[in-house]
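Numbering (the numbering used here), first residue to last: 1 to 128.
Note that these hints are calculated values from the structure, not bench results. Hints may be right or wrong, so weigh each one.
Lysine-lysine pairs mimicking DSSO-like chemistry, simulated, CA-CA at most 30 Å apart [unchecked claim]:
1. Lys96 - Lys63
2. Lys124 - Lys96
3. Lys124 - Lys63
4. Lys59 - Lys124
5. Lys59 - Lys96
Distance windows between CB atoms, simulated [said to hold, decoys possible]:
6. Lys96 - Tyr39: 38 to 48 Å
7. Arg114 - Ala46: 32 to 42 Å
8. Leu44 - Leu22: 15 to 25 Å
9. Lys63 - Tyr34: 15 to 25 Å
10. His91 - Thr7: 30 to 40 Å
11. Asn102 - Leu37: 16 to 26 Å
12. Val119 - Glu11: 19 to 29 Å
13. Thr7 - Phe122: 35 to 45 Å
14. Arg78 - Glu11: 20 to 30 Å
15. Ser13 - Thr125: 36 to 46 Å
16. Arg114 - Tyr39: 18 to 28 Å
17. His127 - Ala14: 14 to 24 Å
A virtual CB, placed ideally from N, CA and C, is assigned to each residue, including glycine.
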Amino acid sequence: FPGLFSTDFAEGSAALQRFLELVPYEPFETHDFYCILGYNAVTLPASRQGMFSRQLDNKELMKSLTIPTLIVQGNDDRLVLPAYADHIARHISHAKRVDYPNCGHAPFAEMPERFNRDVAEFMKTVHL
Numbered sequence: 001f002p003g004l005f006s007t008d009f010a011e012g013s014a015a016l017q018r019f020l021e022l023v024p025y026e027p028f029e030t031h032d033f034y035c036i037l038g039y040n041a042v043t044l045p046a047s048r049q050g051m052f053s054r055q056l057d058n059k060e061l062m063k064s065l066t067i068p069t070l071i072v073q074g075n076d077d078r079l080v081l082p083a084y085a086d087h088i089a090r091h092i093s094h095a096k097r098v099d100y101p102n103c104g105h106a107p108f109a110e111m112p113e114r115f116n117r118d119v120a121e122f123m124k125t126v127h128l
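Construct the complete structure from the given sequences, taking the supplied hints into account.
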């Protein structure tokens, strides 16, 4: 993502703004957008670069999980495509999956009532 790892404040901020515009399906309210921009701006460019450049293969780890697992996926996520939720579900066979139509990368922020309800319902089934 051009400029996202820049140490130049203006360039990095503009890139971060463009990146965050991809998060929701519908644009965030202005106040919410700038709050999100603010707390993302404190992440150092080198940390962002590290997060974007890491390559993990968690298939074996996912297969070994025995704990209850809830997969939450916005069907219109432009950052982590729904195909990745399919990948996770294939490797955590006991996982419960919940899909959110007309939702992007942040179901907890875009559809908080439904998200909270789904998590609460899932937690009722968990007996650790």
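Indicate whether the distance between the beta carbons of Lys63 and Tyr34 respects the range 15 to 25 Å. violated, 41 Å
Lys59 and Lys96 were given as a pair; does the straight-line alpha-carbon distance stay at or below 30 Å? holds, 17 Å
Between Val119 and Glu11, does the beta-carbon spacing fit 19 to 29 Å? violated, 38 Å
With a cut-off of 30 Å on the C-alpha distance, tell me whether Lys59 and Lys124 pass. Holds, at roughly 27 Å.
Starting from the range 38 to 48 Å, see whether the pair Lys96 and Tyr39 falls in it by beta-carbon distance. violated, 30 Å
Using the beta carbons of Arg114 and Tyr39, state whether their distance is inside 18 to 28 Å or not. The hinted range 18 to 28 Å holds for Arg114 and Tyr39, with Cβ atoms some 23 Å apart.
Is the straight-line distance between the alpha-carbon of Lys124 and that of Lys63 30 Å or less? holds, 23 Å
Mind checking the hinted window 36 to 46 Å against the Cβ distance between Ser13 and Thr125? At 43 Å between Cβs, range holds.
Straight-line Cα separation of Lys124 and Lys96 no greater than 30 Å? Satisfied, since the Cα-Cα distance of roughly 13 Å is no more than 30 Å.
Beta-carbon spacing of Leu44 to Leu22 - inside the hinted bounds 15 to 25 Å or not: Once the Cβ atoms are compared, 21 Å apart, the range 15 to 25 Å for Leu22 and Leu44 holds.
Please check whether Arg78 and Glu11 have a Cβ separation lying inside 20 to 30 Å. Since the Cβ atoms of Arg78 and Glu11 sit about 22 Å apart, the hinted range of 20 to 30 Å holds.
For the range 16 to 26 Å, tell me whether the beta carbons of Asn102 and Leu37 fit it or not. Hint holds: Cβ distance 23 Å, inside 16 to 26 Å.
Hint compliance for this structure: hints 6, 9, 12 and 17 are not met, and every other hint is.
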